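Engineer: Each chain, written out:
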Amino acid sequence: MTAVFDIFLRLAVWLLLAPLLPGIINKVKAWVAGRRGPPVLQLYYDLARLWRKGVVLSTAVSPMHVLGPAIAWVAIIAAALLLPVGPAGASLSFRGDALLFVYLLAFARFCIALAALDTGSAFEGMGVSREVSYAVLSEAAIITALLTLCVQSGSVSLVTMLAPSAGAGAALLAAGLFGVLLAENCRVPFDDPNTHLELTMIHEVMVLDHSGPPLAAILHGASLKLLLFAVLLTEAVLPLGKLTLPQAVGALIASVFVVTVLVGLVESLLARLAFRRVPLLLTTAFLLCLFALLVAWKGGMPS
Amino acid sequence: MSGTMNLLIGLAMGLSLLALASSRLPSVIRAAAFQGMILGTLPLLLEEKFHWLVVAVAIGTITVKGFIIPNLLRRALRAANIDREVEPLIGFVPSLLLGAAAIIAAAALGSALPLLPEHAKTLLVPGSFATVVCGFILLMARTKAISQVCGYLILENGIYLFGLLLINSTPLLVEAGILLDLTVAVFVIGIIVDRIQREFDTLDTRKLTSLRE
Numbered sequence: 001m002t003a004v005f006d007i008f009l010r011l012a013v014w015l016l017l018a019p020l021l022p023g024i025i026n027k028v029k030a031w032v033a034g035r036r037g038p039p040v041l042q043l044y045y046d047l048a049r050l051w052r053k054g055v056v057l058s059t060a061v062s063p064m065h066v067l068g069p070a071i072a073w074v075a076i077i078a079a080a081l082l083l084p085v086g087p088a089g090a091s092l093s094f095r096g097d098a099l100l101f102v103y104l105l106a107f108a109r110f111c112i113a114l115a116a117l118d119t120g121s122a123f124e125g126m127g128v129s130r131e132v133s134y135a136v137l138s139e140a141a142i143i144t145a146l147l148t149l150c151v152q153s154g155s156v157s158l159v160t161m162l163a164p165s166a167g168a169g170a171a172l173l174a175a176g177l178f179g180v181l182l183a184e185n186c187r188v189p190f191d192d193p194n195t196h197l198e199l200t201m202i203h204e205v206m207v208l209d210h211s212g213p214p215l216a217a218i219l220h221g222a223s224l225k226l227l228l229f230a231v232l233l234t235e236a237v238l239p240l241g242k243l244t245l246p247q248a249v250g251a252l253i254a255s256v257f258v259v260t261v262l263v264g265l266v267e268s269l270l271a272r273l274a275f276r277r278v279p280l281l282l283t284t285a286f287l288l289c290l291f292a293l294l295v296a297w298k299g300g301m302p303s
Numbered sequence: 304m305s306g307t308m309n310l311l312i313g314l315a316m317g318l319s320l321l322a323l324a325s326s327r328l329p330s331v332i333r334a335a336a337f338q339g340m341i342l343g344t345l346p347l348l349l350e351e352k353f354h355w356l357v358v359a360v361a362i363g364t365i366t367v368k369g370f371i372i373p374n375l376l377r378r379a380l381r382a383a384n385i386d387r388e389v390e391p392l393i394g395f396v397p398s399l400l401l402g403a404a405a406i407i408a409a410a411a412l413g414s415a416l417p418l419l420p421e422h423a424k425t426l427l428v429p430g431s432f433a434t435v436v437c438g439f440i441l442l443m444a445r446t447k448a449i450s451q452v453c454g455y456l457i458l459e460n461g462i463y464l465f466g467l468l469l470i471n472s473t474p475l476l477v478e479a480g481i482l483l484d485l486t487v488a489v490f491v492i493g494i495i496v497d498r499i500q501r502e503f504d505t506l507d508t509r510k511l512t513s514l515r516e
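Protein chains in written order, with this note's numbering: chain A, 1 to 303; chain B, 304 to 516.
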């Protein structure tokens, strides 16, 4: 009974807190630019409004157009439930769940891409092609980061992998994972979430033809993914598993907040990269994770 | 002490990757200069006893590699009035990957070599191999004379790092001679850059390979 209650509690926290992050980012951006900015809870209002609206479907689409966002949303939630919260562990944990974590994220992307392709619009096909080509590099980086944690802790379960800190390579790993966070969530150096110009956007172009509740699922899923990467980054770097539960939760909240503010600052201070320069930055993120792996591997060897 | 040194050598390896990845000449020059300065501080860490000769070598290296040579290069850049874009023969992503492969190979090679026990735990040998290879990649893969000079400087930094293994038995005169050579070489290259620019209106060294009347 308590286990079921625990899962529901975590689910509620993940679902309710996720839309806060884009709000904080927008507030930071507004603050840097000297504007007042939208309220922090803006995404909640948007989601409520979208949920009440009806769905407009093109005659060309198949049921996948509506199913895709729903499946992606569920996959991201499932991935989120695999992440442990400090010493309390995860609600769902088994040997090798790190692999499932990577695959769930990839599956969510696949579903969103399929739903976008389903409209038959060449424009969305272009967005999908860009999203998927970035994913090739950012997934390499995240797999390397998880491999580093595996080597460091000698385990393939996320709970034991994320409990200690990443050791000597923590700074490298943090920088690499931050790059992955920006790329996976389509934040500024890679993509500009504010634009609606055809040549400058990646994620936004895939969701142009969605409306109503499916769009709400996509937006909420995107904010969940942001929270998920912020939590992953924090837990990879800080030894949360060694703290007591209140300390761990406090540290987690504080550092997720710091990561969010950092994303907002990056977004205000950097320009979006030219499209051909993006692979270089993603390769750099991959190499940072790879060197963290090298440090973990060399450090672990008895010499 | 060995931890600080490894951190500095790691930073130097990162800087050679930065030089491989950056698309602007001033940032390549800055990376090479900063690397030279970081490596210049290493003799102070390596020597247990304070010795004024070592301090003199360190200060000399930092001044020459960190200030004099970059200033000569920047002046050549300004005088020749060239476009600041680096023109790569091998693209930025492949050269970055090659550099990373060099670092990993150097780490593997460094652990396979029979080193003295006091050197086995430091990154001196892997760092020097990796820096030499990164310098070679920069030399080969860029067409502009200035970025080739930066490749040469990074290559020299790698050799200097290797030379630190023998710091106790290298006389000061050798160090001073190397620094003087380096400065003169960069000075001469600065003049050559100006000549190439006047003759061909570009710094592209590929033009030098074709014969003409």
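Just so you know, these hints were derived from the structure itself, not from any lab. Predicted model, so just to flag it, every value in this text is computed and none were measured. We put the CB at the ideal spot given by N, CA and C, even for glycine. Heads up, some of the hints might be wrong.
Computed from the model, here is a short list of chain B residues facing chain A with C-beta under 10 Å [to be verified]:
#, residue
1, 311
2, 313
3, 326
4, 329
5, 344
6, 346
7, 375
8, 396
9, 416
10, 417
Residues of chain B clear of chain A, computed beta-carbon distances all greater than 10 Å [to be verified]:
#, residue
11, 320
12, 387
13, 399
14, 400
15, 403
16, 410
17, 414
18, 442
If you anchor each label on the Cβ, the simulated ranges turn out as follows [claimed, not checked]:
#, chain 1, residue 1, chain 2, residue 2, range
19, B, 394, A, 67, 54 to 62 Å
20, B, 356, A, 253, 32 to 40 Å
21, A, 36, B, 423, 32 to 40 Å
22, A, 67, B, 411, 24 to 32 Å
Engineer: Next, verify each hint and record whether it holds.
Structural biologist: Status of the hints after comparison with the structure:
1. 311: Nearest chain A Cβ about 14 Å off; hint violated.
2. 313: 8 Å, holds
3. 326: The hint holds - residue 326(B) has a Cβ within 10 Å of chain A, the shortest such distance being about 8 Å.
4. 329: Cβ of residue 329(B) sits 17 Å from chain A, so the hint is violated.
5. 344: 20 Å, violated
6. 346: Result: violated, 24 Å to nearest chain A Cβ.
7. 375: 29 Å, violated
8. 396: It holds, given that the least Cβ distance between residue 396(B) and chain A is near 5 Å, below 10 Å.
9. 416: The hint is violated - residue 416(B) has no Cβ within 10 Å of chain A, the shortest such distance being about 13 Å.
10. 417: At 13 Å from the nearest chain A Cβ, residue 417(B) fails the 10 Å test, so the hint is violated.
11. 320: It is violated; residue 320(B) is separated from chain A by about 7 Å at its closest Cβ, not greater than 10 Å.
12. 387: 16 Å, holds
13. 399: 6 Å, violated
14. 400: 7 Å, violated
15. 403: 5 Å, violated
16. 410: With a cut-off of 10 Å, residue 410(B) comes too close to chain A, as the shortest Cβ separation is near 6 Å.
17. 414: The claim is violated: residue 414(B) sits with its nearest Cβ about 8 Å from chain A, within 10 Å.
18. 442: The claim stands: residue 442(B) keeps its Cβ more than 10 Å from every Cβ of chain A (closest is about 20 Å).
19. 394(B) <-> 67(A): 54 to 62 Å: 40 Å, violated
20. 356(B) <-> 253(A): 32 to 40 Å: Given a distance of about 55 Å, which is not inside 32 to 40 Å, the answer is violated.
21. 36(A) <-> 423(B): 32 to 40 Å: 60 Å, violated
22. 67(A) <-> 411(B): 24 to 32 Å: At roughly 48 Å between Cβ atoms, residue 411(B) and residue 67(A) fall outside 24 to 32 Å, so the hint is violated.
Hints 1, 4, 5, 6, 7, 9, 10, 11, 13, 14, 15, 16, 17, 19, 20, 21 and 22 from the earlier list are contradicted by this structure; the remaining hints agree with it.
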